[in-house]
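S.K.: Read off the chains here:
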Amino acid sequence: MDKGFLMFAYNNSSIDYITMALCNALLIKKNLVNNNVALVTNSGTLEYLQNITEQSIIDSAFDMIILNDLIESGVSVRKYRDTRYTDFTDRYYNLNRVDAYTLSPFDQTVLIDTDYLMLDSSMDLVWDCDEDFMCNRKTITLDHGVNSFGFDNRFNEMSIPLFWATAVYFRKTERSKLIFELINFVKENYEYYGSLYSFQPCGYFRNDFALSIAMHIANNMMEYGAIKPLPVNYILFSLETDELHAFKNGSVYITSEPEAGTFHLHRVSNNVHIMNKRAILRFKDEIIAHGYN
Amino acid sequence: MDERLKKALEFSNYRISLFQRKEDLKLNMANMLTHANNGGIFKIDPPLICFVKQLVDAKKTRAVLIDSNENPIEVTDLKEFYDVIFNKYFEATNIYHIEYSKLKRSRTVSSLYDFIEEE
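So the sequences go chain by chain: A and B. If you're matching positions, the first sequence starts at 1 in the numbering used here and goes up one per residue. If you're matching positions, the second sequence starts at 1 in the numbering used here and goes up one per residue.
With the rest of the complex left out, here is chain B (with noise of 0.2 Å):
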């Protein structure tokens, strides 16, 4: 292991080191939840996803809905639109969790951040 990474991994502290893990993971499941439809672009929530659904299920086809930038975004296929949400919230929520479940099992901070050393 390079000397300077060895060093930086001593010194770090295991505490920090866990919470900066957690705000890295929830950073990298808000991208993860962006999603661009039509030249809108969206977050991906639950109330999204039931609103969508509601729409769905009322046999909408199309429908306005207002984007993150708070743009009126026609969205042309809703059923295309909902299972591409839906399936974007569990891809990013299970990735969170996997991490998520790694992270409380490591109690050193070259675990914390899957350090493989090579031989």
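Next up, chain A with everything else stripped away, as it sits in the complex (with noise of 0.2 Å):
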């Protein structure tokens, strides 16, 4: 298995993340033909999915798992919404997936969230490239709001540009060893890098930013031509405020409301990064007959 997609979940007690990944991994493997699934856990989260899960329904979504226990230390509270009208919090367990280039077994591999579910094919294009790390700066959300999220997806006005760790190709190079690396070392330094990228802290590690930083740290502090993004070189968002009413046939329905009362209907037949990760879970039996028949 030289190409394939890596996923990290681990649940916490609000957010089934290892359903949402078998959801997404049966997904890939209904529309991509480069379609390898590692995913990355630990054995308390497996355990919980194998109890609730068919074996063969895991087999035939994942090609490899990788156990891999957290450190409990760092791990911070984050707040989710689901609609407009619930929020919760919970830990976040995403500290490790700034190990993803030890921990992925492929040559190539693109490093998913579990949330970004892949509706159509268009990352079979994404293998072979001449680059060797790519990923998006670009965000569209399902009301085709372009780069709106802060200052034209930007840490402030002065800052540097984001990009999003939703989706990352890398191939095992020394330049995405170095990119990791730094990754890595952001991570461990974290503040420091806050204050000096002057970003808002958040509560949170957030692999976007520290992503971003070592971006532009490792193309000699310049913004451009740094990245190349992927074959279809935006990220689809729908927002932790809306709500999935169906998936049909492949699609999903969303409702959006950019205000309090105003709805959108989308249909969505293209990758999507859906934040409402609860929405996600609400509609996991139909992903799963969708994707496992």
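These are computed hints drawn from the structure, not numbers from a lab. Heads up, none of these hints are tricks.
Straight-line distance between alpha carbons at most 25 Å, and here's what the computed DSS-like set of lysine-lysine pairs gives: (1) A:LYS30 x B:LYS26; (2) B:LYS59 x B:LYS43; (3) A:LYS3 x A:LYS29; (4) B:LYS43 x A:LYS3; (5) A:LYS277 x B:LYS7; (6) B:LYS102 x B:LYS22; (7) A:LYS30 x A:LYS284; (8) B:LYS43 x A:LYS138; (9) A:LYS29 x B:LYS88; (10) A:LYS248 x B:LYS7; (11) A:LYS248 x B:LYS22; (12) A:LYS248 x B:LYS104; (13) B:LYS53 x B:LYS43; (14) B:LYS88 x B:LYS60; (15) A:LYS277 x A:LYS248; (16) B:LYS88 x B:LYS22; (17) B:LYS79 x B:LYS43; (18) B:LYS6 x A:LYS248; (19) B:LYS22 x A:LYS138; (20) A:LYS248 x A:LYS30; (21) A:LYS248 x B:LYS102; (22) A:LYS284 x B:LYS7; (23) A:LYS277 x B:LYS6; (24) B:LYS60 x B:LYS43; (25) B:LYS6 x B:LYS102; (26) A:LYS284 x B:LYS6; (27) B:LYS26 x A:LYS248; (28) A:LYS30 x B:LYS88; (29) B:LYS102 x B:LYS26; (30) A:LYS138 x B:LYS26.
To list a few chain A residues with every Cβ distance to chain B over 10 Å, as calculated: (31) ASP2; (32) ASN35; (33) GLN50; (34) ASN51; (35) THR89; (36) PHE149; (37) TYR192; (38) GLY194; (39) TYR204; (40) ASN220.
Note that the Cβ used here is the ideal one computed from N, Cα and C, for glycine as well.
Can you join these two chains into the complex? Each is in its own frame, and there are hints to help.
M.R.: Have a look at this one:
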């Protein structure tokens, strides 16, 4: 297996990340030709999945499961939203995603969030590219707002561009290794870099921020020409305030609510980052049925 | 129909939904018009198709083309490359046309989304 997808999934008491990973892995199997999937998780989370899901489904979704137990120190609590009307806080286990380079069993890896649903085949174009590290800066919301996060997707109006760790392609090269080592270094000195790059601390470690800073450093503090985008050069986002209404024939039906009481319905058939994780999990049975059959 | 979906459909504004669907179709077409070859990523458009056709007509079998990331990519079989991008272009634009025609005929939010109610 020289090419494949890598996901990290660690359940907390509120979000079943591993079932989300299972859903996404089955979508990858369904929609993509190069569809190897490796999952990084811990024994407790895996045991939970095995208790609620048939082993045959798990086996068809994941080609490899890598157990990597968490170090609890430094784990933060974050706020999650489930539409505009519900929020909750829980522990957020995202600290070992920076070790993707060493954990990945593949020569070429697409590292994706479990909630970045692979609904189309465009990621098949990513393999064997000349570039050894690719990720996207551009974002599009379901309401077609472009780069609408903060200051044109920057930390602030004077700062560096923000790249998204939602989907990252890397080949095992010296350059990719260097970027991941830098990401680790930024993580270890997160408070200092927060001050240096003047980003708003959100109370927990942001892989996107560490990735952006690492790429800035790796590019000799230059902005342009740093990192090339993925073949589809944007991340389509559904916000945490959106609600998923249906999953049918490989498409998701989502209502966004840009202002309270104003609803826009969307049918999405392209890869989409659905930030309302509970909304995905409400349709786990439909997604699994679609992907497994 | 799910009660939440029914409410959402009732609230959705037809014009906004129409705009959203058109933008969705454009994004979908742009994705379909992305092509990978020999390590390069190409956005298929009429100038690329015409240029490659010129090269094929001039009996060139291989050439260096500049891809979307501005990398020089050697295309080793121009005829095959031309056939693929030509077909992909028409497939993508035909799907765009079919879906766009459906949108033009749609007069309600639910029909914009091809939402078929289950019995």
